[in-house]
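Going line by line, the protein sequences match chains A and B. In case it helps, UniProt numbering puts the first sequence at residues 1 to 358. In case it helps, UniProt numbering puts the second sequence at residues 1 to 358.
If you're looking for bench data, these hints aren't it; they were derived computationally from the structure. Certain hints may be false.
Pairs count within a copy or across copies, as identical chains cannot be separated in the list.
Below, simulated DSSO-like cross-link-like pairs (lysine-lysine); rule was C-alpha separation at most 27 Å, straight line [stated by the list, open to error]:
| # | residue 1 | residue 2 |
| --- | --- | --- |
| 1 | Lys58 | Lys27 |
| 2 | Lys289 | Lys253 |
| 3 | Lys73 | Lys100 |
| 4 | Lys75 | Lys100 |
| 5 | Lys173 | Lys73 |
| 6 | Lys253 | Lys100 |
| 7 | Lys58 | Lys73 |
| 8 | Lys173 | Lys317 |
| 9 | Lys58 | Lys253 |
| 10 | Lys314 | Lys100 |
| 11 | Lys75 | Lys58 |
| 12 | Lys314 | Lys289 |
| 13 | Lys27 | Lys100 |
| 14 | Lys27 | Lys253 |
| 15 | Lys314 | Lys253 |
| 16 | Lys289 | Lys173 |
| 17 | Lys253 | Lys317 |
| 18 | Lys314 | Lys173 |
| 19 | Lys289 | Lys75 |
| 20 | Lys58 | Lys314 |
| 21 | Lys317 | Lys73 |
| 22 | Lys100 | Lys173 |
| 23 | Lys75 | Lys317 |
| 24 | Lys100 | Lys317 |
| 25 | Lys289 | Lys73 |
Remember, predicted model here, so these are calculated numbers, not experimental data.
Number of protein chains: 2
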Amino acid sequence: MPTMINRLTRGLVLSLMLGLSAASHAKETHTLRLAQTWGPNSPILGETVEHMADMAEKMSDGRLRIRIDAANKHKAPFGIFDMVRNGQYDMGHTASYYYKGSIPNAMFFTTVPFGMIAPEQYAWFYHGGGMELMQQVYEPFGLLSFPGGNTGNQMGGWFREEINGVEDLDGLKMRTPGFAGEVMAELGVAVTNIPPGELYTALERGTIDAVEWVGPALDFNMGFHQIANYYYSGWQEPGAEVQFLINQNAWDKLPADLQEILRVAMRTAAYDMYIQSTHASGVAWSRMKDDYPDVTHRTFPADVIEALRAATEKRLKEVAEGDPLAQQIIASQRRYLEQVRQWTNISDKSYLDSVAGE
Amino acid sequence: MPTMINRLTRGLVLSLMLGLSAASHAKETHTLRLAQTWGPNSPILGETVEHMADMAEKMSDGRLRIRIDAANKHKAPFGIFDMVRNGQYDMGHTASYYYKGSIPNAMFFTTVPFGMIAPEQYAWFYHGGGMELMQQVYEPFGLLSFPGGNTGNQMGGWFREEINGVEDLDGLKMRTPGFAGEVMAELGVAVTNIPPGELYTALERGTIDAVEWVGPALDFNMGFHQIANYYYSGWQEPGAEVQFLINQNAWDKLPADLQEILRVAMRTAAYDMYIQSTHASGVAWSRMKDDYPDVTHRTFPADVIEALRAATEKRLKEVAEGDPLAQQIIASQRRYLEQVRQWTNISDKSYLDSVAGE
Numbered sequence: 001m002p003t004m005i006n007r008l009t010r011g012l013v014l015s016l017m018l019g020l021s022a023a024s025h026a027k028e029t030h031t032l033r034l035a036q037t038w039g040p041n042s043p044i045l046g047e048t049v050e051h052m053a054d055m056a057e058k059m060s061d062g063r064l065r066i067r068i069d070a071a072n073k074h075k076a077p078f079g080i081f082d083m084v085r086n087g088q089y090d091m092g093h094t095a096s097y098y099y100k101g102s103i104p105n106a107m108f109f110t111t112v113p114f115g116m117i118a119p120e121q122y123a124w125f126y127h128g129g130g131m132e133l134m135q136q137v138y139e140p141f142g143l144l145s146f147p148g149g150n151t152g153n154q155m156g157g158w159f160r161e162e163i164n165g166v167e168d169l170d171g172l173k174m175r176t177p178g179f180a181g182e183v184m185a186e187l188g189v190a191v192t193n194i195p196p197g198e199l200y201t202a203l204e205r206g207t208i209d210a211v212e213w214v215g216p217a218l219d220f221n222m223g224f225h226q227i228a229n230y231y232y233s234g235w236q237e238p239g240a241e242v243q244f245l246i247n248q249n250a251w252d253k254l255p256a257d258l259q260e261i262l263r264v265a266m267r268t269a270a271y272d273m274y275i276q277s278t279h280a281s282g283v284a285w286s287r288m289k290d291d292y293p294d295v296t297h298r299t300f301p302a303d304v305i306e307a308l309r310a311a312t313e314k315r316l317k318e319v320a321e322g323d324p325l326a327q328q329i330i331a332s333q334r335r336y337l338e339q340v341r342q343w344t345n346i347s348d349k350s351y352l353d354s355v356a357g358e
Numbered sequence: 001m002p003t004m005i006n007r008l009t010r011g012l013v014l015s016l017m018l019g020l021s022a023a024s025h026a027k028e029t030h031t032l033r034l035a036q037t038w039g040p041n042s043p044i045l046g047e048t049v050e051h052m053a054d055m056a057e058k059m060s061d062g063r064l065r066i067r068i069d070a071a072n073k074h075k076a077p078f079g080i081f082d083m084v085r086n087g088q089y090d091m092g093h094t095a096s097y098y099y100k101g102s103i104p105n106a107m108f109f110t111t112v113p114f115g116m117i118a119p120e121q122y123a124w125f126y127h128g129g130g131m132e133l134m135q136q137v138y139e140p141f142g143l144l145s146f147p148g149g150n151t152g153n154q155m156g157g158w159f160r161e162e163i164n165g166v167e168d169l170d171g172l173k174m175r176t177p178g179f180a181g182e183v184m185a186e187l188g189v190a191v192t193n194i195p196p197g198e199l200y201t202a203l204e205r206g207t208i209d210a211v212e213w214v215g216p217a218l219d220f221n222m223g224f225h226q227i228a229n230y231y232y233s234g235w236q237e238p239g240a241e242v243q244f245l246i247n248q249n250a251w252d253k254l255p256a257d258l259q260e261i262l263r264v265a266m267r268t269a270a271y272d273m274y275i276q277s278t279h280a281s282g283v284a285w286s287r288m289k290d291d292y293p294d295v296t297h298r299t300f301p302a303d304v305i306e307a308l309r310a311a312t313e314k315r316l317k318e319v320a321e322g323d324p325l326a327q328q329i330i331a332s333q334r335r336y337l338e339q340v341r342q343w344t345n346i347s348d349k350s351y352l353d354s355v356a357g358e
C-alpha cells in the first residue's frame, strides 16, 4: 500500500512539474523598456508607440509589456541611439537621421531629398533590399532597426513672402534642420537653429522669414499659419520614416512567438502612423484654410527645384565619399526609385492629374 | 504518516489540476477554415492570405491555425460571401464588390470610380467612419469584414487603338466587368464578359478591342502587352481593396488574445499587399516596356474623363435610390475624399509634379 502511494505520488509530482512548467512558460512575462524621442502625450508619434505597445500586450495576453519613457523622463531625446545601444533601454522610437553624427549612414533610412514617397519607400524596405541595408548599418552597434511610422510627404515650409525664383532664397533666414538645411545653405539660405518653443515668436518678429516643420497635422499646433500665408510643397522629406530600435540582446531573450508579435506590432503601427498622418493632415489643412482664408498653397518654381536638386546631388556625393556602404545605399535607392516612380506616375499621379482639373 | 501522505497527495492533485488547466488553456488550438476567391498559388492575392495565416500561427505559437482552401477546392470563387455566412467556412478572402447581387452596398468598400486612392481610403476606413459603415452593411448577415489588401490604382486597360475622344468609345468592344462596365456602357461601349482564359485570344483576334484587368503586376502574365500597345491610366478603381470576411460565431469562439492576433495579422497583411502590389507593378511595368518597346502609356483625354465622371454620378444615383444606407456611405466617402484629396494634392501630387518634368 505505501509503495502504491509512493508510486502515485511520484507520478503526480512528475506530471505536476510538467504541468506547471508548461503553464509557467506560457505565463512568463517579458517587460521591455522603451525610450522615445518625443515628449509625453505626443500626438501621432507618441500615439504610435502606445498603439504598438497596446497591440503587443493584447496579442501576447499580457506576456509582452512595453514600458514607455517619454523625453521628460529620460531627458535625452536625441540620445535614443546610445541608450539602446548600451542597454540602458531595450528599445527606442526615434528618427535615424538624428544620429548622423554617430552613425552617418542611418539618415538614408528616414528619407532623402527628392527621394521616394511613403509607399515607394516601404516597397524598397520590404522588397527592394532596404531592410537588409538598414540592418547592415545597425548591426555593428548590436541593434536591430525597423520602420516605425511615416509622416507622409513633408511640406517645404511656411514663408512670409512668396518665393518667385532662386534669387529670393539668397539671404533668406529659415529654420530647416539636418541635411535639408545643408542643401538650403548651398543656395544662400541663412539656416538658423531655433528651439521649437521659440519658433512662433521668431517668425512673428521677423527673426526668421520661413520655417519648415512637418506637415499640417503637426504644424497646426505650432500656429505658423496664423502669421505666414504661404505654405510650400516639399522636396526635402518626401516620406519621412521614423524608426524602432531594439537592442539585439533584449531581442534574443524573447521567445520566437513574442519576437513575431513584436515584429508585427511594429510593422502595423508604422503603417498605421502613415495612415493616421494622412487623415490628420487632411483635417488640419482644411481647418487652417477655414480659419485663416489668406493661407494659400504654393509650389517652388522650376528653377528653385532644379537648384535644390543640384545642391542635393552635390551634398550626397560629399557625404558618400570614401564610404562604400553609403554609396551602395544611395545607388540602391536611386535604382529602386527610377523603377517604382514610373509606376507611381502612370497610376496615382496620372489619376490625380486627370481629376484635378475638374 | 499515511495522513501526511494523503494530505500531500491531495495537495498535489489540486495543484496538478490547476497546472494542467492553465497549460491546456494556453495550448488550446483553434483552427479556422478559410475559403479564398483565388486559385492555388495565386500571386499577390493568394500570397496575402498565406502571409496572414503564417503571421497568425507564429504569433500564437501554433494556437491559431488558418486552413486555406483555394478556388479549385471549394469550386465557388464567387460564393465566398454565402459560404462564410452560412458557416460552411469560418473565414473568406474575396472582393466585396463581387456580391453586389446579394449585398449591393458591399461594393463601396472595394473601390468606387473617381474615388479615393489607397492611403486616402485606408484613412477613411480607420479614421473617417469607413469601418463602422462596412460593419453596418455586413452585420445583418452575421459577418465581420476587414480590409484584406489593396491592388493599388488599377489601370484603365489595354487598347489596340488610341482613344482620342469620347466618340472613339462608341461601339468599342471591351472587357470591363462590374460597376465600371455599367458606366462604360453608358458611353456606348459594347461591354463583353469573356472568361479570363480566353481574353488573350479575344484581344488578339479582334473579338474585343480593349481589356481592363488590374495593373502591371497581375496583367503581366496575361500577356496583353504583347498584342496591344496603349496602356491607359485608370479612373474606375483608384484603390481596390479586397476583404477578409469572418463568421461572427467563429470570431466569438476565439479568446481575446487570438482575436487580437487575427485582427492585427489581417491588418498587416492588407497593408503588405498594397506595398507588394506597388513593388510588383514597378517591376512588371519596367519589364513590359523593355520587352515590348512599342508599349506606351496614355491618359484618357479630358472629355472622356468628364463623360465617365458624369456617367458614374448617374449610375451611383440610380444605385442609391431608395436606399438610405447607400446614400449615407456615398456621402461619407464624398465628404472624406474632398478633405483628404486637398492634402494629397499639396503633398504627393505637388511633389510628383515638381520632379516629373526634370
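We went through each hint and held it up to the structure:
1. Taking the shortest alpha-carbon separations for lysine 58 and lysine 27, both the intra-copy value of 13 Å and the inter-copy value of 17 Å come in at or below 27 Å.
2. Within a single copy, lysine 289 and lysine 253 get their C-alpha atoms no closer than 51 Å, and across copies no closer than 49 Å, so neither meets the 27 Å cut-off.
3. Taking CA atoms no more than 27 Å apart as the test, lysine 73 paired with lysine 100 passes inside one copy only; the shortest distance there is 24 Å, against 54 Å between copies.
4. For the homomeric pair lysine 75 and lysine 100, the shortest alpha-carbon distance inside one copy (20 Å) is at most 27 Å, but the shortest distance between copies (56 Å) is not.
5. Proximity of lysine 173 and lysine 73 under a CA criterion of 27 Å is satisfied in neither setting, with 34 Å inside one chain copy and 67 Å between copies.
6. Taking the closest pair of Cα atoms, lysine 253 and lysine 100 never come within 27 Å of each other, the shortest separation being 29 Å inside a single copy and 50 Å across copies.
7. For the identical chains of this complex, lysine 58 and lysine 73 are intra-copy neighbours only, at 25 Å inside a copy versus 35 Å across copies, given an alpha-carbon limit of 27 Å.
8. Proximity of lysine 173 and lysine 317 under a CA criterion of 27 Å is satisfied intra-copy only: 26 Å inside one chain copy versus 53 Å between copies.
9. When the C-alpha separation of lysine 58 and lysine 253 is checked against a cutoff of 27 Å, the pair qualifies both within a copy, at 20 Å, and between copies, at 17 Å.
10. Taking identical chains as interchangeable, the C-alpha atoms of lysine 314 and lysine 100 lie at most 27 Å apart only when both belong to the same chain, with a minimum of 17 Å there against 56 Å between chains.
11. Taking the shortest Cα distances, lysine 75 and lysine 58 never come within 27 Å of each other, neither inside one copy (29 Å) nor across copies (37 Å).
12. Taking the shortest alpha-carbon separations for lysine 314 and lysine 289, neither the intra-copy value of 37 Å nor the inter-copy value of 32 Å comes in at or below 27 Å.
13. In this homomeric assembly, lysine 27 and lysine 100 never come within 27 Å of each other (Cα to Cα): the closest approach is 41 Å inside a single copy and 47 Å across copies.
14. Proximity of lysine 27 and lysine 253 under a CA criterion of 27 Å is satisfied in both settings, with 15 Å inside one chain copy and 21 Å between copies.
15. Proximity of lysine 314 and lysine 253 under a CA criterion of 27 Å is satisfied in neither setting, with 44 Å inside one chain copy and 60 Å between copies.
16. In this homomeric assembly, lysine 289 and lysine 173 come within 27 Å of each other (Cα to Cα) only inside a single copy, at 25 Å, whereas the closest approach across copies is 46 Å.
17. Proximity of lysine 253 to lysine 317 under the C-alpha cut-off of 27 Å is found in neither arrangement, the shortest distances being 40 Å within a copy and 59 Å between copies.
18. For the homomeric pair lysine 314 and lysine 173, the shortest alpha-carbon distance inside one copy (22 Å) is at most 27 Å, but the shortest distance between copies (53 Å) is not.
19. Neither within a single protomer nor between protomers do lysine 289 and lysine 75 lie at most 27 Å apart by alpha-carbon distance, with minima of 36 Å and 54 Å respectively.
20. Taking CA atoms no more than 27 Å apart as the test, lysine 58 paired with lysine 314 passes in neither setting, with 48 Å inside one copy and 46 Å between copies.
21. When the C-alpha separation of lysine 317 and lysine 73 is checked against a cutoff of 27 Å, the pair qualifies neither within a copy, at 39 Å, nor between copies, at 56 Å.
22. Taking the closest pair of Cα atoms, lysine 100 and lysine 173 come within 27 Å of each other only inside a single copy of the chain (24 Å); across copies the shortest separation is 58 Å, beyond that limit.
23. In this assembly of identical chains, lysine 75 and lysine 317 lie within 27 Å of each other by CA distance neither inside one copy nor across copies; the values are 35 Å within and 58 Å between.
24. Taking the shortest alpha-carbon separations for lysine 100 and lysine 317, only the intra-copy value of 15 Å comes in at or below 27 Å, while the best inter-copy value is 55 Å.
25. Neither within a single protomer nor between protomers do lysine 289 and lysine 73 lie at most 27 Å apart by alpha-carbon distance, with minima of 37 Å and 55 Å respectively.
When each numbered hint is compared with the structure, violations occur for hints 2, 5, 6, 11, 12, 13, 15, 17, 19, 20, 21, 23, 25.
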